[in-house]
Structure formats: structure tokens, C-alpha cells
Amino acid sequence: MNSLLIGELSPEQPSFEPTKNKELTDEFRELRATVEQMGLMKANHVFFLLYLLHILLLDGAAWLTLWIFGTSFLPFLLCAVLLTAAQIQAGWLQHDLGHLSVFSTSKWNHLVHHFVIGHLKGVPASWWNHMHFQHHAKPNCFGKDPDINMHPFFFALGKILSVELGKQKKKYMPYNHQHKYFFLIGPPALVPFFFQWYVFYFVIQRKKWVDLAWMITFYIRLLLTYVPLLGLKAFLGLYFIVRFLESNWFVWVTQMNHIPMHIDHDRNMDWVSTQLQATCNVHKSAFNDWFSGHLNFQIEHHLFPMMPRHNYHKVAPLVQSLCAKHGIEYQSKPLLSAFANIIHSLKESGQLWLDAYLHQ
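Going by our numbering, the residue at position 152 of the sequence shown is 139; the numbering climbs one at a time, nothing skipped.
Derived by calculation from the structure, the hints in this document are not laboratory data.
Any given hint could be a false lead.
SDA-like, lysine to any residue: derived pairs with alpha carbons at most 25 angstroms apart [unchecked claim]: (1) Lys312 - Leu27; (2) Lys131 - Trp50; (3) Lys334 - Tyr159; (4) Lys156 - His346; (5) Lys167 - Gln155; (6) Lys157 - Ile330; (7) Lys146 - Met256; (8) Lys156 - Gln338; (9) Lys7 - Arg254; (10) Lys125 - Ile147; (11) Lys157 - Leu341; (12) Lys271 - Tyr317; (13) Lys146 - Ile172; (14) Lys271 - Asn31; (15) Lys167 - Leu210; (16) Lys167 - Met248; (17) Lys195 - Ser113; (18) Lys271 - Lys7; (19) Lys167 - Leu177; (20) Lys146 - Lys320; (21) Lys156 - Pro133; (22) Lys154 - Lys167; (23) Lys320 - Trp277; (24) Lys157 - Leu18; (25) Lys131 - Gln318.
Here the structure is a predicted model, which means the values were calculated and not measured.
Start from the sequences and build out the full structure, keeping to the hints where you can.
Laid out in C-alpha cells, this is it:
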């Protein structure tokens, strides 16, 4: 058995879940079995084919706008908006493929994932997998969820961690103003000033040459199609604008479901409770579903990460019933309220940090 021994857990990482809700866990297993019997884990391939076609249509329409109407301000702006929509929607589709929720075999999910995230977006699949799988394992758990790595160097997140930071007299940023500077270093900056460059470091440092090759095809395609119309300087301007717009769209959508929720160290809770306390939903509508790539059903997505997104609304009533039975709040809110809650939570945690920093 020694060949199977990886290592001992550190003392602060117990091998059991001391706060495990056994009844909740058992009932979730039953719910999972029911969901599978209902066929909700099976993908509608027509849905995903049409989704891919609509992305390609947006991408093509962006280029055709410049080709037909010229490169003056309005066609240039419309091209940027269409290309941004194509990039975001490709991001939502690669998310489906990365979760293996489109095809019945891993092979096809991985292959098309490389095409969508690598060729259509210029991002390495290995980097996304590395980051996103950690997020799903321990959402909103500091030190384990990379999506909250901006704590504490840029933001103070969550009530518990913010008070802890204040008591330790740590001040990397003026956190009591973070709800203001979020608009400067959050949505506008993440993609063009961090992701855009870090992904290249990631693939080169880890020797992910297949991913790098897919990424290069993305840039070759853009250069060959847009530089002849715009010239290099204007193309670079277009590219930056698209990444800027994409970044704003991406950050608001991905943070609305998690930042206002419970953020803490890993307390070794059972898996179901860990997912539920870290996620909330945004009301269903045709626009909200499209705008967020169905990530407005974040609760269902975290409980059933391999479920095809078009089935989230079908399982939602069952999840609500489970939460109600166990006294767990099932949060669903309007889209604009979800955006506002990001700012409110940052303001609250910043004030908690300041009070602890000054008085505790």
C-alpha cells in the first residue's frame, strides 16, 4: 500500500468533515440520483450547436461590419461591440466544454474545448482547468479558491477575513475605499492587464505547447483578417477595446454570484453546504440567461457542475425544496441588484476591516 501513500495531511487539514450535515448529504445523493433518472445530465446537442453558430455569427458580423461599412468611428465601435459579445459568449461555451457537459465522452469535450477557448479566444485550456477546478472544489475558501486571490493584496473580502485582517493591523490597500476603487482595478483591468499576459507565462512556464499552438492560431486569425482592413495600430486599439469591454462584462457576471456570499477559511464542511453558502442566483430571463451564459443559475451549477446548462431551470425547484427543508437560504435576485450587492459587500467588508484595524 505504500505505493498509494501520497503523504500525511497537515494538522490543520483534518481528513474528516467535523461539521458535516449527514442528513443533507444523504438527501442530496438521492436528489442526484433523481436528476440522473430524469435525464437532466444529458445534453441537447442542437442547443449547443446553435450556440456555437451564434458565436461564429457574431464573430463574422464584427469583421463584415468593417468590410462593408468602412473603418470610420461608428462601424469601428459596432465591430468592437460585436467582437466583445463573441468573445464573452465563447467564454461561456468553453465553460460548458470544460465541465464536460456538452458531449458524452471526455475526448470530444476536451477537443472542442481546445478549439473554442484556444482558437476562438486565445486562452489555454490547461490554465482554465487548473484555476476553475480549484474554485469548484472549495468556493470562497481563502487559500484554496483562486477566484478570491485578490484578498488581501487588493481587496478585503468577506466579514470574517476582513475583521481578521484588521485585527492583524494589515493594510495593503485602503480597503475602506475598495467599493470605489473596484471600478478602476476590478472590472476594467482583469482581462487586459492581467489575464492577457499571465496566460502566456502559464503555458510557457509549464511547457503547455499544445495550448500555446491553439492560442497562436487565434492571433494569426485576427491579424490576417483585421490588419488588412485597419492597419496594425488601429487593430491593436480595437483589440484593447474588446478586451476592456470583455473584462467589464466578465467580472460583473462572475463576481455577482460569489463576492456577496460567505467567504472564510476552509472549515471542512460537507461538500453540499460548502457550495450552497458560497453561491447565489440571479432571476431567470431570456436576457439574463444569454448575458451570463446561464451562470445566473450558479447554485445549480455548483451542485451539478457537469449538468448541461439548459437544464438548470428544471432542477432549480428541486434544489429550492432541499434548501427549504434544511433551513438553508436559497438566494435569487434581479440582475442589477446582484451587481449592486457586489459594491455593498465590498463597502461593508471594508468598513469592518477599518473598525477592527482602528479599535481591536
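Structure-based check of each hint:
1. Between Lys312 and Leu27 the alpha-carbon distance is near 22 angstroms, which keeps this suggested pair within the 25 angstroms criterion.
2. The suggested pairing of Lys131 with Trp50 is violated, with an alpha-carbon distance near 41 angstroms, which exceeds 25 angstroms.
3. Between Lys334 and Tyr159 the alpha-carbon distance is near 16 angstroms, which keeps this suggested pair within the 25 angstroms criterion.
4. For the hint pairing Lys156 with His346, the CA-to-CA distance comes to about 10 angstroms; that is within 25 angstroms, so the pair holds.
5. Taking the CA atoms of Lys167 and Gln155, the gap is about 24 angstroms. The hint holds against a cut of 25 angstroms.
6. Among the hinted pairs, Lys157 with Ile330 is consistent with the structure: their alpha-carbon atoms are about 22 angstroms apart, no more than 25 angstroms.
7. Distance check on the hinted pair: Lys146 and Met256 sit about 18 angstroms apart at the alpha-carbon level, within 25 angstroms; holds.
8. The hinted pair formed by Lys156 and Gln338 meets the criterion: a straight-line CA distance of about 14 angstroms does not exceed 25 angstroms.
9. The hinted pair formed by Lys7 and Arg254 meets the criterion: a straight-line CA distance of about 10 angstroms does not exceed 25 angstroms.
10. Distance check on the hinted pair: Lys125 and Ile147 sit about 17 angstroms apart at the alpha-carbon level, within 25 angstroms; holds.
11. Between the alpha carbons of Lys157 and Leu341 the distance comes to roughly 10 angstroms, so the proposed pair stays at or under 25 angstroms and holds.
12. At most 25 angstroms may separate the alpha-carbon atoms for a hinted pair to count; Lys271 and Tyr317 meet this at roughly 14 angstroms.
13. For the hint linking Lys146 to Ile172, the alpha-carbon distance of about 21 angstroms falls within 25 angstroms, and the restraint holds.
14. Straight-line distance between C-alpha atoms of Lys271 and Asn31 comes to about 19 angstroms, which keeps the hinted pair within the 25 angstroms bound.
15. Restraint check for Lys167 and Leu210: the C-alpha separation of about 37 angstroms exceeds 25 angstroms, so the hint is violated.
16. Proximity of Lys167 to Met248 is assessed by CA-CA distance (about 19 angstroms); at most 25 angstroms being required, the pair is judged to hold.
17. At roughly 8 angstroms between alpha-carbon atoms, Lys195 and Ser113 fall within 25 angstroms of each other, so this suggested pair holds.
18. A distance of roughly 31 angstroms separates the Cα atoms of Lys271 and Lys7; the hinted pair therefore is violated under the 25 angstroms criterion.
19. In summary, the hint linking Lys167 to Leu177 is supported, as the alpha carbons are separated by about 16 angstroms, within the 25 angstroms threshold.
20. The suggested pairing of Lys146 with Lys320 holds, with an alpha-carbon distance near 21 angstroms, which does not exceed 25 angstroms.
21. Between Lys156 and Pro133 the alpha-carbon distance is near 24 angstroms, which keeps this suggested pair within the 25 angstroms criterion.
22. With a CA separation close to 23 angstroms, the supplied pair Lys154 and Lys167 stays within the 25 angstroms bound.
23. At roughly 16 angstroms between alpha-carbon atoms, Lys320 and Trp277 fall within 25 angstroms of each other, so this suggested pair holds.
24. Among the hinted pairs, Lys157 with Leu18 is inconsistent with the structure: their alpha-carbon atoms are about 44 angstroms apart, more than 25 angstroms.
25. For a cut-off of 25 angstroms, the pair hint linking Lys131 to Gln318 stands: about 24 angstroms separates their Cα positions.
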